[in-house]
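K.L.:
Given these sequences and hints, build the entire structure.
Here is how the chains run, residue by residue.
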Amino acid sequence: MSTATTSETRPSTSYTPAADSLGAVLASGEQPSRPSALSASVTFGWRAMLKIKHVPEQLFDVTAFPIMMTLMFTYLFGGALAGSTGDYLQFLLPGILVMSVVMITMYTGVGVNTDIEKGVFDRFRTLPIWRPAALVGAVLGDVFRYAMASTVILVLGLILGFRPGGGLAGVLTAVLLLMAFSFAFSWIWTMFGLLLRTEKSVMGVSMLVLFPMTFLSNVFVNPETMPGWLQAFVDVNPIAHLVAAVRGLMEGNPEAGEITWTLVSGGVILAVFGTLTMRLYNRK
Amino acid sequence: MTESTDLAIETSGLVKVFGKTRAVDGVDLAVPAGTVYGVLGPNGAGKTTAVKMLATLLRPDGGEARVFGHDVLREADAVRSRVSLTGQYASIDDDLTGMENLVLLGRLLGHRKPAARDRAARLLDAFGLSDAADRSVKGYSGGMRRRIDIAASIIKTPDVLFLDEPTTGLDPRSRNQVWDIVRIIVAQGTTVMLTTQYLDEADHLASRIAVIDQGKVIAEGTPGELKASVGAGSIHVRLRDANQRADAQRVMARALGGEVQLDADPVALTARISGDESDAGAADRAATALAELAGARITVDDFSLGQPSLDEVFLALTDHPTEQEAAA
Numbered sequence: 003m004s005t006a007t008t009s010e011t012r013p014s015t016s017y018t019p020a021a022d023s024l025g026a027v028l029a030s031g032e033q034p035s036r037p038s039a040l041s042a043s044v045t046f047g048w049r050a051m052l053k054i055k056h057v058p059e060q061l062f063d064v065t066a067f068p069i070m071m072t073l074m075f076t077y078l079f080g081g082a083l084a085g086s087t088g089d090y091l092q093f094l095l096p097g098i099l100v101m102s103v104v105m106i107t108m109y110t111g112v113g114v115n116t117d118i119e120k121g122v123f124d125r126f127r128t129l130p131i132w133r134p135a136a137l138v139g140a141v142l143g144d145v146f147r148y149a150m151a152s153t154v155i156l157v158l159g160l161i162l163g164f165r166p167g168g169g170l171a172g173v174l175t176a177v178l179l180l181m182a183f184s185f186a187f188s189w190i191w192t193m194f195g196l197l198l199r200t201e202k203s204v205m206g207v208s209m210l211v212l213f214p215m216t217f218l219s220n221v222f223v224n225p226e227t228m229p230g231w232l233q234a235f236v237d238v239n240p241i242a243h244l245v246a247a248v249r250g251l252m253e254g255n256p257e258a259g260e261i262t263w264t265l266v267s268g269g270v271i272l273a274v275f276g277t278l279t280m281r282l283y284n285r286k
Numbered sequence: 560m561t562e563s564t565d566l567a568i569e570t571s572g573l574v575k576v577f578g579k580t581r582a583v584d585g586v587d588l589a590v591p592a593g594t595v596y597g598v599l600g601p602n603g604a605g606k607t608t609a610v611k612m613l614a615t616l617l618r619p620d621g622g623e624a625r626v627f628g629h630d631v632l633r634e635a636d637a638v639r640s641r642v643s644l645t646g647q648y649a650s651i652d653d654d655l656t657g658m659e660n661l662v663l664l665g666r667l668l669g670h671r672k673p674a675a676r677d678r679a680a681r682l683l684d685a686f687g688l689s690d691a692a693d694r695s696v697k698g699y700s701g702g703m704r705r706r707i708d709i710a711a712s713i714i715k716t717p718d719v720l721f722l723d724e725p726t727t728g729l730d731p732r733s734r735n736q737v738w739d740i741v742r743i744i745v746a747q748g749t750t751v752m753l754t755t756q757y758l759d760e761a762d763h764l765a766s767r768i769a770v771i772d773q774g775k776v777i778a779e780g781t782p783g784e785l786k787a788s789v790g791a792g793s794i795h796v797r798l799r800d801a802n803q804r805a806d807a808q809r810v811m812a813r814a815l816g817g818e819v820q821l822d823a824d825p826v827a828l829t830a831r832i833s834g835d836e837s838d839a840g841a842a843d844r845a846a847t848a849l850a851e852l853a854g855a856r857i858t859v860d861d862f863s864l865g866q867p868s869l870d871e872v873f874l875a876l877t878d879h880p881t882e883q884e885a886a887a
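For the protein sequence lines, the chains are S and C, in the order given. Per the working numbering, residue 3 is the first one in the first sequence, and the count goes up by one each step. Per the working numbering, residue 560 is the first one in the second sequence, and the count goes up by one each step.
Misleading hints may appear alongside valid ones.
To be verified - The calculated SDA-like cross-link candidates involving lysine to any residue, where the alpha carbons are at most 25 Å apart (straight line), are: (1) K697/C / T200/S; (2) K786/C / D843/C; (3) K120/S / R694/C; (4) K53/S / R671/C; (5) K672/C / M51/S; (6) K775/C / S571/C.
Honestly, the hints are just simulated from the structure, not real lab data.
P.N.:
This is the structure in structure tokens:
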């Protein structure tokens, strides 16, 4: 092993592997104990935070997008549907909050798909850790993004004149419920992220599912004005129940039935799509 | 070759099927611990698929594979705790810095944050990446990228390191750096399984080589054994006059009893010296050929003797050229 004698100064080319320093690191490779499931998941969550730090542009979807949605629909429909934008905001804000956050969940699938594409997941899959950790951590990172989007919308709503009757406690409980449901809902997209071959197809499928699920609901209007068949869909649409639950909590009259519906449907979604996701993850 | 009692990797009848393609079609391997084992083959031969099964990334469709006695299917976690993988598909996160990537993996291997940071810093230093530690991996050069990939694989010193085509696409100097790194890692007791389509790479690094083609092992042995199975070597001749080349080809073919190739250079020819019954050495037989060229009044300006290249080994074993040769 000769030392580099060229005039090259760039580290990439003037580097000469040295047996002593590299050997010393290898020899000192003491074997740490396997991390717990929680610790591994939190570490993957930390990775998601680092990615936000390095690519802050990706926060556009949790800042600009919710602001646009809230302003657009408040002023577009407010006058026509509720007589005034102020009154409509009171009705719309919990709904638009749910809609924005649920829409953002699709980026979970895109992120998973990108990680597979780049080969990052294959390295994680060769580690002796709790298998779901990489995905749980990614979704935890996404929950942080959902919280950011919720904050942005709530602050904007308060500025525009939204006054929640449920007070701080009602709003916080509503947001927690929304976070919990979105965490469960995200596993639909991790499954598609693993299943579909390209980022574009993940986006395409997400749109196909999310548009009807969010628009065909009680987000914008009272479902009583809809034709019967559509009301039947809204009745079983978990997003509609989530909106009703969030709206109730924020208004100060929590509806136990809607909250239960939301928690149960979230649990079912998590169980079904979480299992499918892990099956695909292990097979891939 | 004395068989080592310790086998790092052992496979029998390993099979992986994708649709109608038998990507790996009954592979038997026995890799002695503490050595570099080369898996050589062209693109699409099944090298990567085989490595992915050994690293628990793919489930075998048939046969068995063990890493230090642990079955890759039934004891996947035990295998995962002993192996590490570097390949173009098992990558690191290029949004993160080199330091962050190594700390992340160190944490996932169970190091506490200070220990993970310490080890990351020492690895970055040993790999000449300290200056780039806080830059996104996205901006690394090809050689740096490959080094950080290898560094990420030895955060916990693995018992078996899979290097899947570690020098593909690297310039010669970066390639030599990777070779040096591999030698240091093996000297510390890690078993390395290296796949490559560069025949000289396997020749330089590996103590045993398996040649894989279309999912099957078509030859296995030390580099020397593989060469011996093909021929004793070759003689390369440069003539003064290009017009005499056809005559020279005839003379040499008769003298050496084998095929004589015309090189791109219009005055040059290369002949393989095949092994034969007579115990004449390769150099003696080359001398005979040169004497016959002189007897036929063909002027030879220069000649050299070469060991058979692994390209020739591959050609002789598969009856079809490697992709590099086909493209040339």
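K.L.:
Determine for every hint whether it applies to the structure shown.
P.N.:
Outcome of the hint check:
no.: 1; hint: K697/C / T200/S; in the structure: holds, 21 Å
no.: 2; hint: K786/C / D843/C; in the structure: holds, 19 Å
no.: 3; hint: K120/S / R694/C; in the structure: holds, 19 Å
no.: 4; hint: K53/S / R671/C; in the structure: holds, 21 Å
no.: 5; hint: K672/C / M51/S; in the structure: holds, 16 Å
no.: 6; hint: K775/C / S571/C; in the structure: holds, 12 Å
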